[in-house]
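Protein chains in written order, with this note's numbering: chain A, 1 to 361; chain B, 1 to 335.
Rather than coming from a laboratory, the hints here were simulated on the basis of the structure. If you're wondering where the values come from, they're calculated on a predicted model, not measured in any experiment. Virtual Cβ for every residue (Gly too), placed ideally from N, Cα, C. You may find that some hints are simply not true.
[Unchecked claim] Selected chain B positions facing chain A (in silico; Cβ < 8 Å):
# : residue
1 : F32
2 : E58
3 : P64
4 : A115
5 : A167
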Amino acid sequence: MVATLAQSKDDARRVLATMWAIRRFEEAVDEMFARGLLYGTMHLSIGQEASATGACLALRDDDVITSTHRGHGHCIAKGADLGRMMAELLARDTGYCRGRGGSMHIADVTKGNLGANGIVAGGIPIAVGAGLAHKLQGTDKVALSFFGDGATSEGAFHESVNLAAIWDLPVVFVCENNHYGMSMSVEEVSRLERVADRAAGYGIPGGTVDGNDVQAVYEATAEAVAHARAGRGPTLIEAVTYRWKGHSKSDQNLYRTREEIESWRERDPIDRFEQAVLEAETLTEAEVQQVRDQARDAVRDAVRVGQTGPPSSTDLLGAVYAPSEVDALTVTGDGAPAPAAEAAPGPVAASAGARGEAEAP
Amino acid sequence: MTTTETQVETMTFAEAIRAALTEAMEADERVFVLGEDIGVYGGAFGVTTGMLDRFGEERIRDTPIAEEAIMGAAVGAALCGMRPVAEMQFSDFTAHAMDQLVNQAAKVYFMLGGAVSVPLVVRLPFGSGTGAAAQHSQSQEAWYAHTPGLKVVMPSNPADAKGLLHAAIRDPNPVVFMEHKLLYRTASGPVPKGDGVIPLGVAAVPREGGDLTIVATGIMVSRALTAAEELAAAGIEATVVDPRTLKPLDDATILERVRATGRALLVQEAPRTAGFMAEVAARISESDTLYYLLAPVRRLSGLDAPIPYNPDLEKASVPQVPDIVQAGRALVEES
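Put together the whole structure using the sequences plus the hints.
Put into structure tokens, the structure is as follows:
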């Protein structure tokens, strides 16, 4: 009998730390937005922490993910630095995107996060391409694509899953079914009982798990990752969950009831995992509280660090194209941000790509 | 440049593109090609004929009819260290793939703060003249040139096609490579051997004359050169400028050549409104080149209409040699 995450001290701490970091980060973001400290809009994943955490826990550091507009959780679960994330939301030059991307485009290529995405289903074909690269390069790296139930109505989803299926690509498709694509419920946009039923249409394995059960998400993802790593192709996982907050800042929750929201708050994925940890006596209440406090402090530090960053570079025209040795005209700027990206495990850092030009025979 | 003797061989436009792809794939294992029917079939226009046998199905990847997934897979592979060359069977089909091209490929480098770039080439067979009608004949270069983050290349002859494709593949940014379908077999010419690069952003001036400057793109370059010979017979000498890359645009060469003659005739196959030559006209009028003009800038463009099937009407909808001759003569005679 393999120990569950809740039965291992290290795993329990790690899972709790990640889920609390996501929760506290997004609560801080929510509050800062309400106080007028943040610009633009935000899509919060509070209530969905188990799917991001469980799925990323099944990945290696050199595996890659693509994420969504609701991507803070994925980013944190894949190992991003909270300070640089917060700096990005605060539009600072020290942010992951140097203040050019904001919430919907945070990426950390050095950690294998190819980015959040402002286009629903936009990251799915990219994950397939990442899987293709891994295969062509002869590695056993896996690409995991997070997307929502709304994305499964997009053509990009269908084209991509099919392509990964026929080429046996090492891709794991994780649909976080949070029941609503903005205001349209999943029941209104599909005749299928379950999103995972679509897997049969592409001839690949698929399954539905309780997306608020970090153990269930982890196990399903680990199985899919092993399948992909062994060269046996993609899997579609549906993780059923719920977003407590509105779609974005403009949402007035006209399409759902207070009772429905409340019923899902009672299925809090963090609370559930804490109960399992305490029941298994893996950690004491004091140890759990310590993890919570550390997450709170880490987010406070992130806000402090984020706020101290310099404003974005104003060289916008120099930021559009990577430097090229075969282009006589295009203006390029100062390239990578100050905390220069080290050689990425998977993706090629832009500067390295440019250097590659000189070496090309 | 080395001083070694440059070896040249005669090949068609399609053969020149195939040669560049082949050389790039031999030199760099990161380069691979994906698209519809590019394997056994050799591509709808035969550009990749024989490449499957040479490189195998991993690197010459036949895809389903799924342009968005083709483009997206190319973007993802490019982000993870590969150098994909994606073929859209017809330029028109990029309409299916625009999210991945415009919202993803073009913006990643900027949007992610320069952390990663997308070294991707998209090959687009485009243009009218084959009787393929409105959905298989468009010239959509303005779509791409209007998108920050994309580079747009439009060669007009085999040598440029080869050298520019080598540059496109080596560029770390997404490059839209536009190949006029009529050129594939009709254009034949000397092509340097080897994988020499023609840098992006350098216009060519294939003909010099003192009376007017014709700026033309794609297949309009050869039509402009033919028209220039006819004009010369009538005593009018034309300079012909071929920008070769629309983005980046070597406007310094264009402006200099227009100043030298005082007359500008801008020729494109694409529809007139908001077309690429409107941009060229704007750059002339925004600069002090304006003061050198002896006559207003004149544009010759495709009609603001879809390309029709009827062969006579199809021809009539885009500039032909007599149209260029007539416009050139009028421009000189009226000023």
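So which hints don't hold here, by number, going up?
-> none
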